[in-house]
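If you're matching them up, the sequences are chains B and X in order.
Using my numbering, the first residue of the first sequence is number 43, and each one after it goes up by one.
Using my numbering, the first residue of the second sequence is number 729, and each one after it goes up by one.
Calculated from the structure, these hints are not laboratory results.
Glycine is no exception: its CB is placed at the ideal position from the N, C-alpha and C atoms.
You may find that some hints are simply not true.
Here are the simulated lysine-lysine pairs, BS3-like style, with alpha carbons at most 27 Å apart [to be verified]: (1) X:K930 / X:K873; (2) X:K1114 / B:K489; (3) X:K873 / B:K489; (4) B:K209 / X:K992; (5) B:K400 / X:K1114; (6) B:K209 / X:K851.
DEER-style ranges, computed between Cβ atoms [to be verified]: (7) B:F531 / X:E804: 30 to 38 Å; (8) B:F531 / X:E806: 34 to 42 Å; (9) X:V1007 / B:A89: 34 to 42 Å; (10) B:A89 / X:A1133: 49 to 57 Å; (11) B:A413 / X:E804: 41 to 49 Å; (12) X:T1097 / B:V74: 56 to 64 Å; (13) B:R64 / X:T1097: 35 to 43 Å; (14) X:G1046 / B:E70: 36 to 44 Å; (15) X:P951 / B:I190: 50 to 58 Å; (16) B:I534 / X:D811: 55 to 63 Å; (17) X:R832 / B:A413: 39 to 47 Å; (18) X:A1110 / B:F531: 28 to 36 Å.
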Amino acid sequence: MLMPEPDGQVLARRGDIVAALRAMVLRESIIVDEDELRVYESDGLTAYRQLPLIVVLPETTEQVSRVLAYCHQAGVKVVPRGAGTSLSGGALPLADAITLGLGKFNRILDIDFANRCVAAQPGVTNLAITQAVEGEGFYYAPDPSSQIACTIGGNVAENAGGVHCLKYGLTTNNVLGVEMVLMTGEVMRFGGKHLDSGGYDLIGLITGSEGLLGVITEVTVRILRSPETARALLIGFPSNEAAGDCVAAVIAAGIIPAGMEMMDKPAIHAAEDFVQAGYPLDAEALLIVELDGPEAEVAYLIETVEEIARDNGALTLRVSQSEDERERFWAGRKAAFPAVGRISPDYYCMDGTIPRHKLPVVLNRIRQLSARYGLRVANVFHAGDGNLHPLILYDANEPGELEGAEEFGADILRLCVEVGGVLTGEHGVGVEKRDLMGVMFTEVDLKQQQRVKCAFDPDGLLNPGKVYPTLHRCAELGRVHIQRGQTRFPDIPRF
Amino acid sequence: MTETLKPETPDQLCEAVRWAAAAEEAFEVLAAGTKRSFGRPVEAGHRLDLGVFAGIGLYEAEELVLAAGAATPLAEIEAALADKRQRLEFEPPDLGPLLGAAPRLGTIGGAIACNLAGPRRIKAGAARDHVLGFNAVSGRGEIFKSGGRVVKNVTGFDLSKLMAGSFGTLAVMTEVTVKVLPVAEETRTVLVLGADDAAAGKAMSAALGAPSDVSGAAHLTAPVASASGIERVAGAGGAVTALRLEGPAPSVKVRARAIGDLMKNFGELDELGSADSAVLWREVGNATFFAGDDGGPVWRLSVPPAAGARVAAHILDGIEGKVFYDWGGGLMWLALAPTDDGGHGVVRSATAQHGGHATLVRAAAGVRTRVPVFEPQPAPLAALTKRVKEGFDPLAVLNPGRMVAGV
Ligand SMILES: Cc1cc2nc3c(=O)[nH]c(=O)nc-3n(C[C@H](O)[C@H](O)[C@H](O)COP(=O)(O)OP(=O)(O)OC[C@H]3O[C@@H](n4cnc5c(N)ncnc54)[C@H](O)[C@@H]3O)c2cc1C
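In isolation and in its complexed conformation, chain B is listed as follows (with noise of 0.2 Å):
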């Protein structure tokens, strides 16, 4: 992967910028010592590593304000980092960059239960924003399965999603404001407590933005009040095909489940071995269906969704009769990304959507590129909505398997393009996929997208390298080519 040529002049300055940087914050809120640095080489995709320039770790807006102010007047590039556990490399450093660290940010501000929000520092993590409200019997619903760790700046800046967004929602549909410092110092805060900021739908535009239109320094976000009750059905299928159409006649009978997730025989089969969940060795496929709501309502769609499934071939079908058991269900699945680092020295995760309908085709493709490659493949899915995470199995000490697991997932991931879908559905482009946008977007599409970085990072500072395969300078990207002197009307319909 190649990234931005370090700008010699600023590896120069380093001493200079970490004296200015001491004037703005504490002095061991700044990392310099190699060893120190270590920890901050890479993000979730751990195939990339890269010194910093320099840790910057500030506790408050106004040293945000300053630093990247201090930043912009002297060029030097920023990286924001929440707690690094990206799968894309969004928050892979730079050798010119600073890496400014959000974990200081770690209160929340407030609990309005009145108006069902949480307000939050960046760096609080996920799974602390339900913590803080679940005595109440609320929670906040995107769920990714890092969310022990992850910040919900991260969330925001990804747009994460998690096992319950299919009746739910992305990060993008949760939350009601941020606050977020520009490039410049300046900052900004957007919405509030209420629905719809009026104006642009900026808080729209900055989720999923991976960090490269401002630090997010403040996040509101919408709580709900946790169902009263959640079941799980564990269904096993002779083949994909099978529970793949298991999926489409659930919607067609017009249930949208708290989550569906599906895991292939190798994914089964490593979970299995890592929790001893209880799932079905001999299935092909396994389906695990979640529907909440208040008891009479999961009750009678327990059932139907029971009939549909053995209509459809179940070969093995339970539900959970306890919380316990609902629990040791999932606990395959949320654990299946460390279940195949058991039985890999090293996997690598892919995150593509498709068309729903196309499963059957992509997973039988997937497999004849796994024959043609030489690499093991399990697959775990969010059924629901098409988003399919195939985990390359390959070990870096052999020579060619790192590139030969790129490879492969590069083309894991033009497939997904080719029937319909995009190249990735919740850990974002990064720097991981940065070089196949070109198969999704044309190069005018790109642009577009550029100058609205433009309209925030106009000199281009923050995060660069990442999502965007070629960089334009802003002021060419501004140039409209427009023949003046061609004003004769067009030549089309009117009225």
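With chain B held as given, fit chain X with the ligand onto it using these hints.
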């Protein structure tokens, strides 16, 4: 002379936009034109009619996705969806009658451009939450697209969100792809009679904080309730607070009982079935109560829900008018007595104090030119907004002045 151009292909549309850019002309962009009076009067010499970009292109019910030309009438889309027992979950209101136009003419592109949302906003989101992707021509005269046809998609900036609520000031959408969802099997509405605004606010907050999955929470003050077409509401003889429950029949029955129990201290109770509920919630979403009035100013405010009653009191202390609440108190519709500023002064002082934003949805063109229609922004945000606009439409060819004077 004002010309109306009616391009027939995206290429012709590009040509029209490029011509305007070169000739320093501008377009008012419209499809059915039902919401022409929503926003500031556009400062443009010509019109761009998108009527040709209509028709449902793709509808895969099992994939919960539909793509259509931006000028496709919502009525056509809703009919196609109803055949498969599906719907647009954001319940796009029909503002035609409120704005003095005919009913049922609004288009999908118009609903998205204005980021409309009905009573289900509190549970299911607004138009912004349902746009999966679009094709458009920018003010630069370039064809571009964003998003896709799947729900889970974080590939690149989410420009669909930006298009929703941009009132045609950034780009001209030619095709949109939206998420669709199954129709609920049954609907019931629990009515609480006679609560005052403050008590109703508490009642709605309690209902939305209960695990009953309420999908609509509105409060109609007495003069508004009396204008309902539903006899049980109009004849209640006072204010009516309405709480909607949707879902499978056995579940709705149990939840309606639970909400009834929770509400019994707030007033006498009544209940509507599916058919009456459909009518009542359409009235709430379309603000039908204020349609056909004298055409005086109508405001729509989005505020922190718990502040709703206080915001209304603040405004109605200063100026005569009628109010009703939706979104659990977070959305307020106000019909005010006509004044020179349409109520701008007092409404803005209320949002400044309590948070949120206000839009002057209906007023005479003169008023909409004189006072800001959308919530004025602090200078840094206004500057950012302008830079975003320039990224799409640097020469202000598309709907100039529609949202903010000079932008
Ligand atoms: C085991 C595992 C399971 C996972 N499961 C899921 C899942 O189920 N669903 C899902 O969506 N993701 C999942 N992820 C991915 C990851 O956890 C999410 O993308 C998460 O939102 C990243 O949060 P973070 O705090 O770690 O951000 P980081 O990794 O630190 O940063 C991610 C991106 O956000 C930017 N950023 C971070 N904070 C800010 C800020 N305050 N202001 C501006 N930009 C900022 C960074 O520059 C970077 O581009 C998983 C990851 C792992 C390791």
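Status of the hints after comparison with the structure:
In summary, the hint linking X:K930 to X:K873 is not supported, as the alpha carbons are separated by about 44 Å, beyond the 27 Å threshold. Our distance criterion of 27 Å between C-alpha atoms is met by X:K1114 and B:K489, whose separation comes to about 18 Å. Proposed proximity of X:K873 and B:K489 is supported: the alpha carbons are some 11 Å apart, at most 27 Å. Restraint check for B:K209 and X:K992: not satisfied, since their Cα atoms lie roughly 30 Å apart, outside the 27 Å limit.
About 42 Å separates the Cα atoms of B:K400 and X:K1114, which puts this hinted pair outside 27 Å; it is violated. For the proposed pair B:K209 and X:K851, the alpha carbon gap of about 10 Å is at most 27 Å, so the pair holds. Judged by the Cβ atoms, the range 30 to 38 Å given for B:F531 and X:E804 holds: they are separated by roughly 32 Å. Judged by the Cβ atoms, the range 34 to 42 Å given for B:F531 and X:E806 holds: they are separated by roughly 38 Å.
The hinted range of 34 to 42 Å is not satisfied by X:V1007 and B:A89, whose Cβ atoms lie roughly 59 Å apart. The supplied range of 49 to 57 Å is met by B:A89 and X:A1133, whose beta-carbon atoms lie about 52 Å from each other. Checked against the hint of 41 to 49 Å, the pair B:A413 and X:E804 passes, with Cβ atoms roughly 48 Å apart. Taken as a hint, the range 56 to 64 Å holds for the pair X:T1097 and B:V74, whose Cβ atoms sit roughly 58 Å apart.
For the pair B:R64 and X:T1097, the supplied restraint of 35 to 43 Å is violated, since their beta-carbon distance comes to about 53 Å. Between X:G1046 and B:E70 the beta carbon distance is about 53 Å. The supplied range of 36 to 44 Å is therefore violated. For X:P951 paired with B:I190, a C-beta distance near 53 Å keeps the hint of 50 to 58 Å intact. Checked against the given bound of 55 to 63 Å, the beta carbons of B:I534 and X:D811, roughly 35 Å apart, lie outside it.
Roughly 56 Å separates the CB atoms of X:R832 and B:A413, a value that falls outside the hinted 39 to 47 Å. Restraint check, X:A1110 to B:F531: a C-beta distance of roughly 34 Å satisfies the suggested window 28 to 36 Å.
Of the numbered hints stated above, those contradicted by the structure are hints 1, 4, 5, 9, 13, 14, 16, 17, listed in ascending order.
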